[in-house]
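Chains E and P, in that order, give the protein sequences. So in our numbering the end of the first sequence lands on 591, straight run, no missing numbers. So in our numbering the end of the second sequence lands on 591, straight run, no missing numbers.
What the hints contain is simulated information worked out from the structure, not anything from laboratory work. Among the clues, some could well be false.
[What the hints assert, rightly or not] Here are the simulated PhoX-like cross-link-like pairs (lysine-lysine), alpha carbons at most 25 Å apart as the crow flies:
1) E:484 x P:577
2) P:494 x E:577
3) P:331 x E:225
4) E:12 x E:577
5) P:494 x E:331
6) P:12 x P:376
7) P:540 x P:12
8) E:498 x E:510
9) E:331 x P:331
10) E:577 x E:484
11) E:577 x P:510
12) E:283 x E:147
Protein chains: 2
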Amino acid sequence: MPSYSAPTRDYKFLLHEVLNLSQYESLPGFSEASPDVVDAILEEGAKIAENVLAPLNRIGDEQGCTRSDDGSVKTPDGFKDAYQQFAEGGWMGLSHDPEYGGQGLPHTLGLAVGEMTSAANMAFAMYPGLTGGATQALLAGGSEEQKNTYLPKMITGEWTGTMNLTEPHCGTDLGLLRTKAVPNGDGSYAITGQKIWISSGEHDLSGNIIHLVLARIEGAPDGVKGISLFVVPKYILDDDGNPGERNTLQCGGLEEKMGIHGNATCVMNYDGAKGWLVGEENKGLKVMFVMMNEARLGVGLQGLAVAEVAYQNSLAFAKDRLQGRALTGPKNPNGPADPIIVHPDVRRMLMDQKSFIEAARCFVSWTALQGDLEHKSDDAATRERAGDYMALLTPIVKAYLTDKGFLSVSNGLQVFGGSGYVEEWGMSQFLRDARITLIYEGTNGIQALDLVGRKLAMNGMRPISTFFAEIDALVAEGGPDAVKPYLEALAATKAQLKEGTDWLVENGLKNFDHAGAASHDYLQLFGLTCLTLMWTLMAKTAAPKAGEAFYDNKLATGRYFLDRWVPEGPMHLAKMKAGADSMMALDAEAM
Amino acid sequence: MPSYSAPTRDYKFLLHEVLNLSQYESLPGFSEASPDVVDAILEEGAKIAENVLAPLNRIGDEQGCTRSDDGSVKTPDGFKDAYQQFAEGGWMGLSHDPEYGGQGLPHTLGLAVGEMTSAANMAFAMYPGLTGGATQALLAGGSEEQKNTYLPKMITGEWTGTMNLTEPHCGTDLGLLRTKAVPNGDGSYAITGQKIWISSGEHDLSGNIIHLVLARIEGAPDGVKGISLFVVPKYILDDDGNPGERNTLQCGGLEEKMGIHGNATCVMNYDGAKGWLVGEENKGLKVMFVMMNEARLGVGLQGLAVAEVAYQNSLAFAKDRLQGRALTGPKNPNGPADPIIVHPDVRRMLMDQKSFIEAARCFVSWTALQGDLEHKSDDAATRERAGDYMALLTPIVKAYLTDKGFLSVSNGLQVFGGSGYVEEWGMSQFLRDARITLIYEGTNGIQALDLVGRKLAMNGMRPISTFFAEIDALVAEGGPDAVKPYLEALAATKAQLKEGTDWLVENGLKNFDHAGAASHDYLQLFGLTCLTLMWTLMAKTAAPKAGEAFYDNKLATGRYFLDRWVPEGPMHLAKMKAGADSMMALDAEAM
Chain E
1 MPSYSAPTRD
11 YKFLLHEVLN
21 LSQYESLPGF
31 SEASPDVVDA
41 ILEEGAKIAE
51 NVLAPLNRIG
61 DEQGCTRSDD
71 GSVKTPDGFK
81 DAYQQFAEGG
91 WMGLSHDPEY
101 GGQGLPHTLG
111 LAVGEMTSAA
121 NMAFAMYPGL
131 TGGATQALLA
141 GGSEEQKNTY
151 LPKMITGEWT
161 GTMNLTEPHC
171 GTDLGLLRTK
181 AVPNGDGSYA
191 ITGQKIWISS
201 GEHDLSGNII
211 HLVLARIEGA
221 PDGVKGISLF
231 VVPKYILDDD
241 GNPGERNTLQ
251 CGGLEEKMGI
261 HGNATCVMNY
271 DGAKGWLVGE
281 ENKGLKVMFV
291 MMNEARLGVG
301 LQGLAVAEVA
311 YQNSLAFAKD
321 RLQGRALTGP
331 KNPNGPADPI
341 IVHPDVRRML
351 MDQKSFIEAA
361 RCFVSWTALQ
371 GDLEHKSDDA
381 ATRERAGDYM
391 ALLTPIVKAY
401 LTDKGFLSVS
411 NGLQVFGGSG
421 YVEEWGMSQF
431 LRDARITLIY
441 EGTNGIQALD
451 LVGRKLAMNG
461 MRPISTFFAE
471 IDALVAEGGP
481 DAVKPYLEAL
491 AATKAQLKEG
501 TDWLVENGLK
511 NFDHAGAASH
521 DYLQLFGLTC
531 LTLMWTLMAK
541 TAAPKAGEAF
551 YDNKLATGRY
561 FLDRWVPEGP
571 MHLAKMKAGA
581 DSMMALDAEA
591 M
Chain P
1 MPSYSAPTRD
11 YKFLLHEVLN
21 LSQYESLPGF
31 SEASPDVVDA
41 ILEEGAKIAE
51 NVLAPLNRIG
61 DEQGCTRSDD
71 GSVKTPDGFK
81 DAYQQFAEGG
91 WMGLSHDPEY
101 GGQGLPHTLG
111 LAVGEMTSAA
121 NMAFAMYPGL
131 TGGATQALLA
141 GGSEEQKNTY
151 LPKMITGEWT
161 GTMNLTEPHC
171 GTDLGLLRTK
181 AVPNGDGSYA
191 ITGQKIWISS
201 GEHDLSGNII
211 HLVLARIEGA
221 PDGVKGISLF
231 VVPKYILDDD
241 GNPGERNTLQ
251 CGGLEEKMGI
261 HGNATCVMNY
271 DGAKGWLVGE
281 ENKGLKVMFV
291 MMNEARLGVG
301 LQGLAVAEVA
311 YQNSLAFAKD
321 RLQGRALTGP
331 KNPNGPADPI
341 IVHPDVRRML
351 MDQKSFIEAA
361 RCFVSWTALQ
371 GDLEHKSDDA
381 ATRERAGDYM
391 ALLTPIVKAY
401 LTDKGFLSVS
411 NGLQVFGGSG
421 YVEEWGMSQF
431 LRDARITLIY
441 EGTNGIQALD
451 LVGRKLAMNG
461 MRPISTFFAE
471 IDALVAEGGP
481 DAVKPYLEAL
491 AATKAQLKEG
501 TDWLVENGLK
511 NFDHAGAASH
521 DYLQLFGLTC
531 LTLMWTLMAK
541 TAAPKAGEAF
551 YDNKLATGRY
561 FLDRWVPEGP
571 MHLAKMKAGA
581 DSMMALDAEA
591 M
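This is chain E alone, in the form it adopts within the complex (with noise of 0.2 Å):
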């Protein structure tokens, strides 16, 4: 039975020391986030995630969730007490606006408590995920009739939310999508069409569940310029806004999925479903987009949060199985072997997982801060950089973090030897968890196209320019012999990436098919950057307290970083610079 162990520690250490969340103390959110309410909240969500919702992980994937006839589905033994748990403790609206009832924390925060939840039971922390896209879609977009209607009981959780995008045949092309929406006459609209894929869509964990659909009203245009968003709740609610009569939708059926189990990914049915129109009409995907962008943080999130626990239990079979001797000669001579820990490979695995995943934690912290600056920051020129900075690093994030984040939970399941393959040891169940990260939300090609195709060229390349002249400041500016090979590879890396964007701003606007073809490589060494970059802050931070032990391994683990992860930049370089042509070369039908 995996285990799992909150990283408290090192949260406070990224908010604290290297973010410095206190310095933003006059920003609305931090004023409330000073460092006492910092390690309170860790410390709390630490042990909901660790106490509750880590013994229900393997039952979730065991058991799944089971719909019945009419159409309801039941989630997994314990979810339902668990979720309740949850919803009363207040953490579904950690960071939501104190004007429908949150408590208006940083982001940043919220998504620390995001990884222990996620690492703890991802499949769980779905349906408060879920819930928070859309009350971020109904903030965005909604009426404040509306966000007034809604907003107040999916901050509480007593009611949940979904995203309703997808259609059997439309999924990244959003502009195929048929479901109709037609006016009832009564300011309501009758939704009818079929969504797949919709995760949380049914269950039997809330008292309403509220979907956000897109559908195209009738007449209007094709593709994706027709497209509007519909708030449809399970229950219509009465004149008092309470659950009321029962919608005209239906969960069709379960995907049987490769894991995460324990969340209900669902079929739905819309037959003339009374759905109301949320912003305004034909501007659906704008809305939805504002919600994606965040949900995609989240799902970087989950590729570092599975990877963790993933971690966590490798370390800890590595340090307790004894087989073989170390090649230095015994480290465990009263025993019958020494414990795999001192082979050299076995470190491999472990010191690569720990490496990216302390920088990728770093990477979401950083890039959440971002995302709370742009809203909440007084200075202008701050909210310009803090958005830029946003909206250029999101596909990175989810992408390279859900990329490695998989490769990590590899590593550890292989630690694991034949165990690893063996479901009851449960790091088989964090490799199948962990695989969806790479796909929902956009898959990872569509990230890398998003990038290379849309972020790169934003406002003149204004967040690009920004990043490498900020990178070449700190360079600059040096650091103590500890930080000197930190900046040395940061700047061998950021000189890679700039060679490399040189190279898709000559090439990719020549034919568009470099730019598709280079842009997986581009995004793998942008985030290579990236972490390098944040081991690179996390060194200047700890340099100064060398001698401690948290700080001293901190400098450790991050050398190992520049040993091991750096030299993968070249090799993208040369790969995305090797352009489409090779790739292109073949007829499909002789493939």
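Fit chain P to the given chain E structure using the hints.
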């Protein structure tokens, strides 16, 4: 429902054109393998794989095996009939010794059919696969009487076989083995102990199951020097050699695994079971390793096989799924969208798979041919060279093809987007099945240690010296323009491998941890060099036939490999040269 079409055309290219098997027609086994016979066997093998085994793959995953309270095990519906067909078709004995009823054909050909059966149904193919391993062990170590008793029925498939090494506290480190053997006084031994993870350990496919069991004879030395091998049949043979009395051994449970559900992975309890010594006392590991080396080739082949079937299905999906428009303008203007194969990043995932698979197939075949020549050549120098290569390359075939095979399957799954995560499409099963290949028959970390710690130094570094010299000669020979880029890439990759080898010799002996720390990346670099060599050999064969579609496509696929795989070489070299210091820096308790 996934489909499978055996790569018969590719095997004809490899066996007839690249390897030119008919040049060995004077050798035993090869003389029967005329081009016509080879083609007929490939085509018949394809039929049974496509028509009999592939249709049972999903059901095997869904149903798994079931154990009754009496310890008996039922395989999934259809497996028993399929097994009978498979055995009656003579497929179990294809490359086994004709003296015991086999057809004596080259293993090279046997492995070609092996790819087909493993791709079609990996879990099924393990029943004959393990039987083949047990057959090899008896051939290598058994007495004449044992061979005559067991082999003919194992070669017809009337009986199956297993290998029993692992115990709960001992996997890699067999020196810790505890299963006991006590002489019965009649030439037999009473075997007592528990073995775990015994593939095909109990089932309903065959009339008897011949277990080969490692155990320690009472009073034998501790560690690996006191391990003997025993043949322990499920049913003790009566005087006529027919299954008689039930032996006191039982399947105590089935493991619930991530994949290969159709294969019964058993806890085997031996309770004074009657067994007979195979080979000499305390020399059991030697026999087991003869067979294990061949089994490791077979696992590398599984990595390739699952990658192939995953590729085929992802290719079909990419041609069929309409989503978005090509970056360079619509390719399917009359349809609602273009097939996703027009998108460069989808191509990247497909070409990564295809260019790996074709080289991997060549590599397994090339290495298997060395195995045949080692045993069958009439020339001592050829036997020596072949034996050297077989020893040197086996860990690379096993680890590189399974590491990259798994990632290849993951790419295939990714092409499917969300459908890849849903069980009914079958891609999840391929990923789950493939994951075991990195673990069993010696984890990939153990393969890397075997390479660095044993195979490299063998015979005064003769194998690798030969390898380098032959590559140098090939490069010096030159070739037509179409082949030149291959030769350049091969020369570059070989130079990196040489540099890595020199680094290992220089540093690995001074500090064994350096050798261990470098082993993974060294093996990866070696694997990359081997596949680059294979592409060079294929390009040399294909270039004179340019103009014919098959050969043009081969050359184009290889160029993608040069562009997108070869750049990994310098990265592996840089990582390995980082050494052990940062890897081993942290105390275990600080991780």
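Now the hints, each set against the structure:
1. E:484 x P:577: holds (20 Å)
2. P:494 x E:577: Satisfied, since the Cα-Cα distance of roughly 22 Å is no more than 25 Å.
3. P:331 x E:225: Holds, at about 22 Å.
4. E:12 x E:577: Violated - the C-alpha atoms of residue 577 of chain E and residue 12 of chain E are around 41 Å apart, more than 25 Å.
5. P:494 x E:331: violated (37 Å)
6. P:12 x P:376: This hinted pair holds, its Cα atoms lying about 22 Å apart.
7. P:540 x P:12: With a Cα-Cα distance of about 16 Å, the restraint between residue 540 of chain P and residue 12 of chain P holds, given a limit of 25 Å.
8. E:498 x E:510: Holds: residue 498 of chain E and residue 510 of chain E sit about 19 Å apart, inside 25 Å.
9. E:331 x P:331: violated (64 Å)
10. E:577 x E:484: violated (29 Å)
11. E:577 x P:510: violated (39 Å)
12. E:283 x E:147: OK: residue 283 of chain E and residue 147 of chain E at ~18 Å, within 25 Å.
Checked against the numbered hints above, the structure breaks hints 4, 5, 9, 10, 11 and satisfies the rest.
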